[in-house]
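S.K.: Below, each chain spelled out in residue letters.
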Amino acid sequence: MRWKGFIVLAVLVGTFAALSIFLMDRWIESGLEKAGSAITGAKVEIDGLHFSVFTLTLKWDRIQVTDPNNTMTNLVETGRVAFRMHMPALLRRRTVIREMTLADVRSGTPRKYDGAIPRKPKPPKPDEPGALDKAREKLMREVRNLPVMHFDARALKEKLNLDTLIVMAELSMPRKLDSAQTDILATSGDWENFFQAFRPDDDLKEIRDTFTQIDPAAIGSVPELLDVLDRAQSARKKLGEIQDTIRTRQKAIRSDFVRVHGYARSVDDWFRDDYHAVLAKARLPDLGIRQIGLLVFGRPVAARVDQILGYVQTVRRHMPRKSDKPKKEKKPRLKGQTIHFTDRHGWPAFLIEQIHLSGQSGPTAGDRGLMLSGEAGGITSQPWVYGRPTLIALKGEKADGRSMRFDASLDHVKETAVDRFDFQMNAISLNNVHIGESDYLPARIGRGKADLSLSGLFEGDRIDIRLAVKAHGLDFDFRELESSNQFIGILRDVIRKIDVLTLDARISGEGDGLVFRLDSNIDNRVSRELRSMATRALEDAQNQVRARLESIRDEKLAGVNRIYASKRAEIEGRIDAYAKQADEYRMMAEAKIDAVRKEIDDRKKAEEDRLKKRARDAIDGVIGR
Amino acid sequence: MIFLKILSKFIRVLRSAASPNQIAWGFALGAIAGLTPLNALHNLAVLILLIILNVNIAAAILALTIFSLIAWLFDPFFHTIGYAVLVQLSWLRPAWTDLYNAPVAPLTRFNNTVVMGGLLTSLVLLIPNYLLFRWFVIRYRESWNDRIRKWKVVQILKSSKIVRFYLKIRGMEG
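Sequences listed follow chains G and Z, in order.
Positions in the first sequence are counted from 1; adding 506 to them yields my numbering.
Positions in the second sequence are counted from 1; adding 1006 to them yields my numbering.
One or more hints might be untrue.
Between beta-carbon pairs, the in silico distance windows are [said to hold, decoys possible]:
#	chain 1	residue 1	chain 2	residue 2	range
1	Z	Ile1133	G	Trp509	21 to 31 Å
2	G	Arg972	Z	Leu1079	52 to 62 Å
3	G	Ala609	Z	Ile1133	55 to 65 Å
4	G	Arg972	Z	Leu1047	43 to 53 Å
5	Z	Phe1171	G	Gly537	41 to 51 Å
6	G	Trp509	Z	Glu1148	27 to 37 Å
Over 10 Å on every C-beta distance to chain Z, these chain G residues come out as not near it, computed from the model [to be verified]:
#	residue
7	Arg508
8	Val514
9	Leu538
10	Val559
11	Val587
12	Arg599
13	Arg600
14	Leu608
15	Gln719
16	Ile725
17	Gly746
18	Glu859
19	Asp1010
20	Asp1025
21	Ala1053
22	Lys1086
Rather than coming from a laboratory, the hints here were simulated on the basis of the structure.
If you're wondering where the values come from, they're calculated on a predicted model, not measured in any experiment.
Note that CB positions come from ideal geometry on N, CA and C, so glycine has one too.
All chains, please: the whole structure from these sequences, using the hints.
M.R.: Given below as structure tokens:
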């Protein structure tokens, strides 16, 4: 034993205790700022932090959480905060705070210094993007693919250079008609080859001569007649075979030509496809009512929704779902992975049971905005241990009738996380409010008031967000958007004339299947104005496209029809000629054969009669008459 | 300079009057602190042992340096061991759960994979480290010391300007 070591130990313990007393506050403050910055991605600063070891009370005078999207303002700033840690939980390395009070909470307060932090390299993204990543990408893709509404007559003319569009559209109709023509020529070629081999002319001539030469009256004896009959019947049989071949081929020829004529039924479909393909290349917008609201407000709404989805992703990253067995994770060196076991006390690793909030929505004392109050509870890193969802209820009001309400429930207790929020604002001032990027509206609203309702449900990977806005007395300063775009002019006039502007948006679905709908009461009006003022140009363009395609179609179709008609007439004419000839000879054959048979019958009868008379004469001679 | 200091400390430890047992135990305890994250609570126990037991602290510091490097290199291995012990050995789960719910025990961060893996490895290596380093010290003192002194490279180093300059400075530091 090193007895002096105990003295050293005592000195070390004493030194540590002294340092703790003097530096504990600084250590804790630094630790919390670092943790907060890691979560938000921007600076978090705490002023006047004090931790009492004996009462386990932590308090600070101010906390500033920088807005990561605008690092010269604070996302949240609070006044004095105080809370106690729960000692039994702390001894088990769990941070449990039963009750916390956040006073003087404000948002959007200006900062003295830039709150950006040097960006740490982000951890490598997982191979498979999550459902929310896919949903965000799909939403942005839908907005990017919205057609551009630009009604500048000169620009439109350039945009609608038909020759260029038709080349870009890669028309399929001419190609298909050429294929049909090729098919007709190939089919005709096959049949022409058939007629090279099938030449019944000589056989038919021989048959005709056979029957023409038959003259029953000129034939001497009955055996000769029988011989002629035999030959005639053979010739008829041969004729029959030729006729069968002709009939079979007739059917086949007709069937082939009917088949190749099938293109006639499809030409209209091909025309329609090419028409739409050309329009798509021109990005001529569909003037359907639904599109207008989406075109005008889609981008700013999508940007806000994307922000909301980002917040949901952040929440889900820090409030994981329950899983039976923790998966092995790849961590930075020397950090390791913390494995949590069943907690028998119901204490998660981090929990704030209840927060009482009070503050204002405005950034300064001179611009207080709404007076806010509310509660939040069950904020935890392990919801399944705590067993209850995180609940947030916040409300704000002002004497002039403005009010807001925010309720949220984040339920990550079970394997499928269910997050809900509902946000209502009434009579909110829109004066100088920044709405974000839009091609058709100024970035700021001049003045106006609005009632807004925004609700969201995130059940697993399924998303359902609904937005309803009712704005009164809107005024945009369109001078910011000086342009030759007549569409903006129409929009400005319509917005000025209406008393109330309503928007109804719904974003729902899952991952790549996300659907974005946005309807507005200006859809009808703007659409009408478009039709009356600007649609003529579009209709003219559409008519030009139609006329051009029709001329291409008619020219090609005429050629194809001509070839079809001539080839069909030629091929069918030849086979029909053979058929007619064979039929004539058939009739002749039947007549001749009948004549020969009659001659044979007549001669037989005559011979019979003669023999009967001789027999009678002989009998008469015998009996002596 | 730091490398020279560590090497010089190493040689001084080997040649010091401390017994091989003291040096070897110091080394073995230092290895525990080196193989696990320094801010783990069990290292406090290691520190207390180093202070109150009659073991060589220089050897402990040397071991801490060497094994910290080894820990960085073998971190994935410790993570795998720790994960296996904490998650995959389901028959240990009740024990870990009891420990997780007991006071103070979670402060040791036993439920961190690298802490658990490093601690287990260092405990397994405790006796072998002691025995190996003890054998090394005895061998060095008995036969290697004189032989190494006679090495040409040692002669050259000793007579080199850098080493003489260093020894001079060290002499000035007292």
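S.K.: Between the beta carbons of Ile1133 of chain Z and Trp509 of chain G, is the distance compatible with 21 to 31 Å?
M.R.: 27 Å, holds
S.K.: Honestly, do Arg972 of chain G and Leu1047 of chain Z meet the 43 to 53 Å range at C-beta?
M.R.: Since the Cβ atoms of Arg972 of chain G and Leu1047 of chain Z sit about 51 Å apart, the hinted range of 43 to 53 Å holds.
S.K.: Taking the shortest Cβ-to-Cβ distance between Ala1053 of chain G and chain Z, state whether it exceeds 10 Å.
M.R.: Check passes; 71 Å lies beyond 10 Å.
S.K.: Non-interface claim for Asp1010 of chain G: all C-beta distances to chain Z beyond 10 Å?
M.R.: At about 49 Å from chain Z, Asp1010 of chain G clears the 10 Å cut-off, so the statement holds.
S.K.: If you check the beta carbons of Trp509 of chain G and Glu1148 of chain Z, does the distance land in 27 to 37 Å?
M.R.: 32 Å, holds
S.K.: Please check whether the beta-carbon of Lys1086 of chain G is more than 10 Å away from every beta-carbon in chain Z.
M.R.: Lys1086 of chain G is indeed farther than 10 Å from all Cβ atoms of chain Z, at 93 Å.
S.K.: Please check whether Arg972 of chain G and Leu1079 of chain Z have a Cβ separation lying inside 52 to 62 Å.
M.R.: 55 Å, holds
S.K.: Does the Cβ distance between Ala609 of chain G and Ile1133 of chain Z fall inside 55 to 65 Å?
M.R.: 59 Å, holds
S.K.: Is the Cβ of Val514 of chain G more than 10 Å away from each Cβ in chain Z?
M.R.: Non-interface label on Val514 of chain G violated, nearest chain Z Cβ at 5 Å vs cutoff 10 Å.
S.K.: Taking the minimum C-beta separation from Arg600 of chain G to chain Z, is that value above 10 Å?
M.R.: Per Cβ check, Arg600 of chain G is inside 10 Å of chain Z; nearest 7 Å; violated.
S.K.: Grab the minimum beta-carbon distance between Ile725 of chain G and chain Z and tell me whether it stays above 10 Å.
M.R.: 114 Å, holds
S.K.: Is 41 to 51 Å respected by the C-beta to C-beta distance linking Phe1171 of chain Z and Gly537 of chain G?
M.R.: 44 Å, holds
Going through the hint list in order, the structure does not satisfy hints 7, 8, 12, 13.
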